[in-house]
Amino acid sequence: MAASEASDSEEEELAGYGTALEPLPEGERIKKPVPLQEQTVKDEKGRYKRFHGAFSGGFSAGYFNTVGSKEGWAPSTFVSSRQKRADKTVLGPEDFMDEEDLSEYGIAPKEITTTDDFASKPKDRIKEKARQIAGVTASIPGATALDDLIAPAKITIGVELLRKMGWKEGQGVGPRVKRKPRKQKPDPEVKVYGCALPPEGSEGSEDEEDEYQPENVTFAPKDVMPVDLTPKENVHGLGYKGLDPTKALFGVSGGEHPSLFTDGSEKTSNLLGDLRHSKGRKLGISGQAFGVGALEEDDDDIYATETLSKYDTVLKDEEPGDMLYGWTAPKQYKNKKGMEKEVRYIGKILDGFSLASKSSAPKKTYLPPDLPRDYRPVHYFRPVITARNENPLLLQALAESTGKRETDTPQQNRHTLNASQRRELLGETALKGPSPSVLEYLSGKDKERIKEAKQAAEQQMKTQTLPQQSLNISSSSDGVNHKWQMALGEQLATPGSSDFKPFAKNPEKQKRYEDYVESLKQGQKDTPESHSDPGMTEWERGREREEFFHAAVLYKSSNSVLSSRFTRAKHEDDTDKVEVPRDQEMDIDDKESAVKMKMFGKLTRDKFEWHPEKLLCKRFNVPDPYSDSSIVGLPKVKRDKYSVFNFLTLPESTTTTITQTTNEKIQQNINPNKPKKPSRWDVSDKEKKKNDSVSEFLSLARSKVDIQQQQPESVIEEDRSRTNEPLPNKAVNESTDPKKEEESRPSMDLFKAIFASSSDEKSSSSEEDSDEETHQTPSAMPNSESTKPANLPDASSADVQECMAVTKEPDLVPPLLKEELDKKEEFGPRLPPVFFSKTTQKHEPVPLASSLEANQKEKPKKNKEKHKAKREHKHKKEKKKKHKKHRHKGKHKNKKSEKNSSSETADSSDSLSDIEEEITDLSSQELLRRLKHLPAMKQ
Amino acid sequence: MAFPEPKPKKPELPKKLVQTLECKQGAVRAVRFNVDGNYCLTCGSDKSLKLWNPHKGTLLKTYSGHGYEVLDAAGSFDNSQLCSCGADKTVVLWDVASGQVIRKFRGHAGKVNCVQFNEEATVILSGSIDSSVRCWDCRSRRPDPIQILDEAKDGVSSLKVSDYEILSGSVDGRVRRYDLRAGELYSDYVGSPVTSVCFSKDGQCTLAASLDSTLRLLDKDTGELLGEYTGHKNTAYKLDCCLSEKDTHVASCSEDGQVYFWDLVEGSLTLSLPVGRGVVQSLSFHPSEPGLLTASEGRVQFWREETHTAEEQPPAC
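Just so you know, the protein sequences line up as chains A and B, in that order.
The numbering of the first sequence is numbering that gives the first Met the number 0, which starts it at 0 and goes up by one.
The numbering of the second sequence is numbering that gives the first Met the number 0, which starts it at 0 and goes up by one.
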């Protein structure tokens, strides 16, 4: 508005665009913007605009939704009909519309706007902005400018061309015609279903006559509607269409507003059958379901009467020319002579072109080929008869029916080969597993026999070759035989090995059969004849051959069926065998000497294949060295479970005769570095085996106590001097102790080894039990945990005897045994005692532990005294007992207390003496009592 | 113009006592440096495991959760985890910061003598008196070991792990080296129960201490004897041995209260360090500097070279 005003006024040079802002009044502060909740919407008249519904955005109709106005209800225009009776005013929808409805954003805008078709470009502000930003930020500035210039074509090139040629939307294509456009209307006689439209034929004809038709006026041909192929998806009746609000106003101001009325009318024309034009209706609301509207003037014939005249009474061809090709299916004009004429091009012929005078040659059609008489339109699959088929009769029948003898070997067809044949062809070695050749089972004698038979057969064959060849039947059967021989392969029934004797009643025949099978196996074609009874006729021979044949096949098939069902076990589940490592560490004796000579290297080294677990390799980030093997650890092999060889690597032998063991032990002890005592696991294993022999062993030992008393003594002396004392402090003490002998104490393992079986069988195998037991009974045995048994790795096993002798005493065995059980855990290099007691005397005292030191200094003396006293006491008490035993017992206690004292922590040093008292005073009865508790605890 | 290389200093041995840690946890069964030598772990016979800064002599944390005395411990490469083993037959994985038990691996039939992490702390290897080495997976939650190396005929006393090898010393007098890369097991017979094994820093040799009071340096590839070191006393106890930080010397505990140092090449005794009156049970050499931790009678001593001054102390904590 402002722009136009500005341009109108000539005196001003400036051209202004847009609405000018009101100049700010001087000195007045700018008002605060009204908050959103207080903003109101008013229409042009200053009325508050009401929004109907939050989302519908409806308009307010009338005056506050009434039909009236501020002044009440009054017709907008009242014209007295007195003066203007003649000119009927036609009311359109606009008369009932508010002004805002006709404004730009109303439902019927009156302003002329450019439609999309003619707009250069749809203006999308957001997109525009985005594009501008993109244009700035893009790597090539202004690259998006090209996008602005090039817009995708909205209309197809065909439409474009048509427009250039003068075509307009809504028109048909073709040369303009002179006819009246009304003529195009369908025949009034055409049947209309559903709500009938008012008949208009008479009306139309009247119009036709009335209307003036200038000569030079031509009309565009009627547009042909494309066949509407949209599927019917609703449940309405055929052709029914509900009221479409966009069509509500058609027909009235059709020309006036292209966006609303023309488009809508064009689109709906096909649905309404183009009838509305002819009817001259002025009003839009004209659904078939609606009766006559209030605005409709001609309300005639709402209820159309069905008359028979509307129907066809005669069967005749439908009349062409209604031009409604789009509506109905194309008809076949059979009665028309010139079919070509009918389809002739009727359009405008372009310059330089002319219609063809003669039609092009009709397309040549080719007839389908003549089918053979016996042709069946179904493919027949021949049953595949392989040589392995188990029905020989069928195969034979087939072979004969084909007429041609299958003289060619089946090898030529690779599909008929079985695995073994293929293997032969490929030259592979036979599998050892599931399908052993029967020949392998034959004894040498049998093989001999077969050989002879074969040779005989060959000879016979040579002699009979000529006559055989002359015989047709034999040659034919030869072919079959050969085939079968190939088919049966190695799995033929073997007479020698099998108990399958189909002709057992007739030994001669059976023999012939066996020969036959053999020969088949040997790969001879014509053997049946050679083995047959010379006295038999040709026919008999043939029969027998068949018989053999079938018998062989029968047996073979069942055999093969069975063999296919079972596979040979990969692993023999031999219960007498046990898995042991394949590679054993070599004999220690050699190594021992090598070590002595310091010849380390090859002599002392054993190298094994060792398979780490896959996951371990993964965790170590190392590729699995044996990625394809499933073995873990050392490869194992099966050995006899009770084989001595499994235990040969063990250094200790477990002979039961005392003298032998003693000797052996002595010998072993001579070795200064006896490698080790066996681990407790080994011992337990052996003990299990030895269980029954232990009692015998004990009784023997009992009787020989006297003998051993001398023997071990010397051994012990020797041994002790060699053996490094486990406890250094003790060693120091012992050197000054006059009663050295007491210190040579047998290895705990040996005690264990012997008594484990007699006391608790489980103890040897279940280490945990005894261990738990020690945990559970700390109060009962205060020193059980802290005592470290002097379990020398290099302890001499000669002490076994000694020990044996001691423990034979019935009342002393249990305490000793108990001790062993408690200390069972300990073997291998020990841990040093927590604190040193005696040896520290020699060193300068550490200030920190001075008080402790004092305690400890006193303690050993006390101990010793007590031990002595104890010993004396024992001597008195058990005078009858053997001296040896006393020593041992005394030594044992001594040790115990010693250990106790040494292993006590500083905290418990105060109560140490008390404990010691208790310990040293432990009588055998007390020990026995504890022992009784022992089994219960274990369970 | 380049300056001539400074003459390499003669390697010094730790002789100077710089710290004494009174551990107050009974006998210290083992003392171990962590991976960078800034901290150390002590395993006590009172079921506790303690983390120290030996340079400052401060106790940092006590880890309790073992059911019996702790026999060995090791720290992970990133110092985030510890593992320890003990006479309660368990192997325990600890969180360093929180002191909580992350996992307890049970399965050994006897007390567990030694424990080691692998290079990436994904596997814990433990050697036990039950003559097996067990490989425990720290990544998954499976309770059973990945693999049990039960080739030893007697208890496993010592264990070391390199990036692809597991070295175990057993009481059956053998040093076994499991080579994961080659998939082979090398078993070297030493003749006497092995108490401690270790790799040399260059990875070419193995050192084995045995109960015949002898240390033997063996060629890893051939098993040949490269050196023998005697003079100390080790006949009964499980004592540690180690190599110095530059493989120049061999060190071993002794039952006579001293730590012995031998020249690796010559085999001659270079130093006997009087540590205490009792058995020096465990020692650990600093991974990069001449520093030695010794454990004897419930206390741990930290020894440095003579020229060492307090200023050189790495920032602790």
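What the hints contain is simulated information worked out from the structure, not anything from laboratory work.
Think of the CB as a built atom: it goes at the ideal place given N, C-alpha and C, for glycine as much as any other residue.
Just to be clear, a hint being listed does not mean it is correct.
[Said to hold, decoys possible] Ranges between beta-carbon positions, derived for each pair: (1) Ala418/A x Arg140/B: 45 to 51 Å; (2) Glu183/B x Ala455/A: 56 to 62 Å; (3) Lys613/A x Val34/B: 24 to 30 Å; (4) Asp35/B x Ala133/A: 53 to 59 Å.
[What the hints assert, rightly or not] For lysine to aspartate or glutamate, the following EDC-like pairs were computed, each having C-alpha atoms within a straight-line distance of at most 20 Å: (5) Lys635/A x Glu265/B; (6) Lys613/A x Asp162/B; (7) Lys595/A x Glu223/B; (8) Lys504/A x Glu457/A; (9) Lys200/B x Glu164/B; (10) Lys606/A x Asp35/B; (11) Lys617/A x Asp220/B; (12) Lys606/A x Glu119/B; (13) Lys601/A x Asp220/B; (14) Lys613/A x Asp149/B; (15) Lys617/A x Glu164/B; (16) Lys159/B x Glu612/A; (17) Lys597/A x Glu265/B; (18) Lys617/A x Glu11/B; (19) Lys601/A x Asp589/A; (20) Lys613/A x Asp178/B; (21) Lys44/A x Glu127/A; (22) Lys635/A x Glu591/A; (23) Lys601/A x Asp246/B; (24) Lys30/A x Glu12/A; (25) Lys613/A x Asp218/B; (26) Lys595/A x Asp178/B; (27) Lys597/A x Glu227/B; (28) Lys606/A x Glu304/B.
*Given the hint of 53 to 59 Å, check if Asp35/B and Ala133/A actually sit that far apart at their C-beta atoms.*
Check passed, 55 Å falls within 53 to 59 Å.
*Quickly compare the C-alpha distance for Lys606/A and Glu304/B to 20 Å and report which way the hint goes.*
Judged against 20 Å, a Cα distance of about 41 Å means the pair is violated.
*Within a Cα-Cα threshold of 20 Å, do Lys597/A and Glu227/B meet the stated pairing?*
9 Å, holds
*Assess, step by step, whether the Cα of Lys44/A is no farther than 20 Å from the Cα of Glu127/A, and give holds or violated.*
35 Å, violated
*Given the hint that Lys597/A pairs with Glu265/B, test it: the Cα-Cα distance must not exceed 20 Å.*
Distance of about 17 Å is within 20 Å: holds.
*Is the hinted range of 45 to 51 Å satisfied by the C-beta distance from Ala418/A to Arg140/B?*
Taking Cβ atoms as reference, Ala418/A and Arg140/B lie about 47 Å apart, which means the hint holds.
*Starting from Lys617/A, check that the Cα of Glu164/B is at most 20 Å away, please.*
Distance of about 13 Å is within 20 Å: holds.
*With a cut-off of 20 Å on the C-alpha distance, tell me whether Lys595/A and Glu223/B pass.*
14 Å, holds
_Holds or violated: Lys613/A and Asp178/B, Cα atoms, limit 20 Å._
Distance of about 13 Å is within 20 Å: holds.
*Starting from Lys613/A, check that the Cα of Asp218/B is at most 20 Å away, please.*
28 Å, violated
*Using the Cβ atoms, figure out if Lys613/A sits within 24 to 30 Å of Val34/B.*
Holds, since Lys613/A and Val34/B (Cβ atoms, about 27 Å apart) stay within the stated range.
*asked:* Given the hinted pair Lys159/B and Glu612/A, is their Cα-Cα distance within 20 Å?
replied: 18 Å, holds
The structure fails to meet hints 5, 8, 10, 11, 12, 18, 21, 22, 23, 24, 25, 26, 28 from the earlier list, while all remaining hints are met.
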